[in-house]
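Read top to bottom, the protein sequences are chains W and C.
For what it's worth, the numbering used here labels the leading residue of the first sequence as 880, then goes sequentially.
For what it's worth, the numbering used here labels the leading residue of the second sequence as 22, then goes sequentially.
To be clear, the hints were calculated from the coordinates, so they are not data collected in a lab.
Built from N, CA and C at the ideal position, the CB exists for glycine as well.
Don't take each hint at face value.
Stated by the list, open to error - Just the calculated beta-carbon pair ranges, DEER-fashion:
1) W/K902 <-> C/K192: 36 to 44 Å
2) C/E183 <-> W/K902: 19 to 27 Å
3) W/G958 <-> C/S79: 21 to 29 Å
4) C/R115 <-> W/R896: 49 to 57 Å
5) W/T966 <-> C/G151: 50 to 58 Å
6) W/G959 <-> C/R147: 44 to 52 Å
7) W/G1048 <-> C/E146: 31 to 39 Å
8) W/R899 <-> C/F80: 41 to 49 Å
9) C/Q87 <-> W/N997: 35 to 43 Å
10) W/G1026 <-> C/F80: 40 to 48 Å
11) C/E146 <-> W/N997: 25 to 33 Å
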Amino acid sequence: MSLATDLLEQAQHLARREPRRPKQASLRRSVSSAYYALFHLLLDEASKRVVSDAILRGLASRAFTHGEMYKAAKCFASGGGLPSHITAAFTGTIPAEIKQVADAFVSLQQARHDADYNVLKSFTRQEALGHVTLAQRAFSDWDAVKGRAADKTAVELFLASLLLWERWGKR
Amino acid sequence: MAADEFWLNLRTSASLIAPSVSTDVPGQNADEVERRLREAAIWLTPGTVAGYDPEAFSFLASPERQQLSRAVSDFLDVARQVPGDGPASRPQLRQGWEAFQTLLRLLRPHQFTDFETFKIQYRLERELAGKLPPWVEGLACETGVDVADDPALWIWLNVSQEAVDNDLVIKEGPRVHDEVVRAARRLHTGRWPFVRFRSLAELAAAEKGRRG
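Please construct the entire structure, taking both the sequences and the accompanying hints into account.
Take a look at the structure:
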């Protein structure tokens, strides 16, 4: 099992940990874990494409930042078209699965932020389950699209954007 | 913006009557409401509807738009008759309350802190009419900024006990999520939609637990 799938399983477990009265701590950690599951899935996939060596890959993955990934994912999820500096190099279409993964990433990062920092908010099990389910679907979507030959470039573009979004925007 | 001013005035007056203006609260009968109104007739002034601009409500369905304009007009007619140095008469209170109730029913100012949020929710409810499963009992919009400081819209979907008991959020949640996101995007609000599920019963229990 990878770190990403372990985190997803943990998110599921925590959302149901207390059958009757869920603890806020469990629900918050569930939401946070759902985000980190997807975060590490994408980090792993992107890093593998940058370096083949497993040790160096760990170093490469540290170059990703939550904020930059969020901005890139928002653009892919919005369906409103990619910026011109990207369409100059990529003329294909973004598959629905990538849009859904990107949308889940944005939604989950915001939820993670609330879960970790907003102590005024109360979480419910249904909210936590909604986030976990969204993360699960993102995993399925990713599985479906990552090996599809026709979408290879779109997949690589998405992963590279998670790392290079702001630097590309400055050119 | 006139609509914001109107909203603030209406909301302020609504809050003068009761912290959460509602006439369907159990135990709150008509006599009790009337007694409260007599004690707090400060709401019956032209200022309550100051800033009203019919154009700002052009997004309302035609019958509601007409009801709103008439209610504002009726309210003003009565409010202008109330002497500045004395209490409103019983008939004035009754007529004013009738018009005011219509305003509260149509605009729900106690639910929305600002005009924009009301407008978004109203439009979203219409956009989603007949498209959500029965286990989604209602929705509530909130506006704010997201982690990137971009304008954001939170859409809370209130789910039924049936949904809780049968794991419907897990089974059907993603499809409902997508439907709501698509509807929100069609509105072009300039806000990123975040769809969240919640059970109001669970939320009440969590809030109670938090307060200890």
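Report task. Given the range 40 to 48 Å, decide if the beta-carbon distance of W/G1026 to C/F80 lies inside it. Result -> 46 Å, holds
Query raised in the report: Within 31 to 39 Å or not, the Cβ separation of W/G1048 and C/E146?
Result: With a Cβ separation near 37 Å, W/G1048 and C/E146 satisfy 31 to 39 Å, so the hint holds.
Requested in this report: Go ahead and decide if the range 36 to 44 Å is satisfied by the Cβ distance of W/K902 to C/K192.
Outcome: Check failed, 25 Å falls outside 36 to 44 Å.
Query raised in the report: Cβ-Cβ distance between C/E146 and W/N997: within 25 to 33 Å?
Result: 26 Å, holds
Query raised in the report: That 19 to 27 Å hint for C/E183 and W/K902 (C-beta), does it hold up?
Result: The hinted range 19 to 27 Å holds for C/E183 and W/K902, with Cβ atoms some 25 Å apart.
Query raised in the report: Do the Cβ positions of W/G958 and C/S79 conform to the proposed distance bound of 21 to 29 Å?
Result: Distance hint for W/G958, C/S79 holds at roughly 28 Å.
Requested in this report: For W/T966 and C/G151, compare the CB-CB distance with the range 50 to 58 Å and indicate the outcome.
Outcome: 37 Å, violated
Query - Status of the given 35 to 43 Å range, CB of W/N997 versus CB of C/Q87 - result: The hint (35 to 43 Å, Cβ to Cβ) holds, given that C/Q87 and W/N997 are roughly 42 Å apart.
Query raised in the report: Does the Cβ distance between C/R115 and W/R896 fall inside 49 to 57 Å?
Result: Since the Cβ atoms of C/R115 and W/R896 sit about 55 Å apart, the hinted range of 49 to 57 Å holds.
Report task. Look at the Cβ atoms of W/G959 and C/R147 and judge whether their distance stays inside 44 to 52 Å. Result -> 23 Å, violated
**Report entry** Cβ distance range 41 to 49 Å for W/R899 and C/F80, holds or violated
**Finding:** 44 Å, holds
Hints 1, 5 and 6 from the list above are not met by this structure, while the remaining hints are.
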